[in-house]
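Student: The numbering used here applies: residue 1022 is where the sequence shown begins, and numbers increase by one.
Calculated from the structure, these hints are not laboratory results. Any given hint could be a false lead.
[Stated by the list, open to error] Calculated lysine to aspartate or glutamate pairs in the EDC-like style (CA-CA distance at most 16 Å, straight line):
id, residue 1, residue 2
1, 1066, 1080
2, 1064, 1202
3, 1270, 1212
4, 1231, 1051
5, 1064, 1080
6, 1066, 1087
[To be verified] Simulated DEER-style distance windows between Cβ atoms:
id, residue 1, residue 2, range
7, 1267, 1186, 36 to 42 Å
8, 1061, 1273, 34 to 40 Å
9, 1093, 1223, 26 to 32 Å
10, 1143, 1087, 16 to 22 Å
11, 1267, 1093, 22 to 28 Å
12, 1182, 1247, 29 to 35 Å
Fair warning: this is a prediction, and the values are worked out from it, not measured in the lab. We put the CB at the ideal spot given by N, CA and C, even for glycine.
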Amino acid sequence: MVGAVQGAGVVVTGAGGGIGAALARRFAAEGARVVVNDLDAGKAKAVADEIGGTAVPGDASAVVADATDALGGTVDIYCANAGVGSGGTEAADEKVWALAWDVNVMAHVRAAHELLPAWLERGSGRFVSTVSAAGLLTMIGAAPYSVTKHGAYAFAEWLSLTYRHRGLKVHAICPQGVRTDMLTAAGSAGELVLAPTAIDPEDVADALLKGIEEDRFLILPHPEAAAYYQARASDPERWLTSMNRVQQKWEASP
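Given the sequences, and given the hints that come with them, work out the whole structure.
Tutor: Okay, structure coming up:
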């Protein structure tokens, strides 16, 4: 059992399936009291019933108040997991860009805005951001997703450096491919870049719990992402050239 989790009041957004459902199950198995949030009320209820949690369906941007009530007034761990895998280039419709910003970034900002006053007053709280390796690196064929995931990572980083001395713990989960509906929706780009090393959602949950136990900010379910991140920082030109070759390979594929 992870001490920081046992008995904690946990909220997981986007938990009707995929990574969110795996996180909800793992937190419940560790003895937490879990609120399962999802836009799909049926999926939220199914996962909540399975784990003995509470379903609070609806928009992830507006769940904090109801989730807090469901947990008896206190949220200890908030998992900003809901996300959209918007593909496209700079020419993607502005509605696509707006949705990606709203779900992948602003939902995190809104949740933090509601949670932080109580957390800072009591000197403890834990914010978990499901980012993606795309937030550290990038993803071909998915400008809205890549850009907004960079934003999600930047916000998690900002929260951590601003409030860690006041008791706030922040974790940014940055997996590469994960076997979920989002990977399927990534199409041929996902098949080329992500599928060969894809892991199960349960592996992501395991990595997060280990990261919580070790109080680590950056959670890398694919350890090799650290080397890619270092290469990107140390030699941007070489890294961009390498990624452009991947782009060209994708463009040349049937």
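Student: Taking the hints in turn, state whether each one holds.
Tutor: Structure-based check of all given hints:
{"no.": "1", "hint": "1066 x 1080", "verdict": "holds, 15 Å"}
{"no.": "2", "hint": "1064 x 1202", "verdict": "holds, 14 Å"}
{"no.": "3", "hint": "1270 x 1212", "verdict": "holds, 12 Å"}
{"no.": "4", "hint": "1231 x 1051", "verdict": "holds, 12 Å"}
{"no.": "5", "hint": "1064 x 1080", "verdict": "holds, 14 Å"}
{"no.": "6", "hint": "1066 x 1087", "verdict": "holds, 15 Å"}
{"no.": "7", "hint": "1267 x 1186: 36 to 42 Å", "verdict": "holds, 40 Å"}
{"no.": "8", "hint": "1061 x 1273: 34 to 40 Å", "verdict": "holds, 38 Å"}
{"no.": "9", "hint": "1093 x 1223: 26 to 32 Å", "verdict": "holds, 28 Å"}
{"no.": "10", "hint": "1143 x 1087: 16 to 22 Å", "verdict": "holds, 21 Å"}
{"no.": "11", "hint": "1267 x 1093: 22 to 28 Å", "verdict": "violated, 49 Å"}
{"no.": "12", "hint": "1182 x 1247: 29 to 35 Å", "verdict": "violated, 19 Å"}
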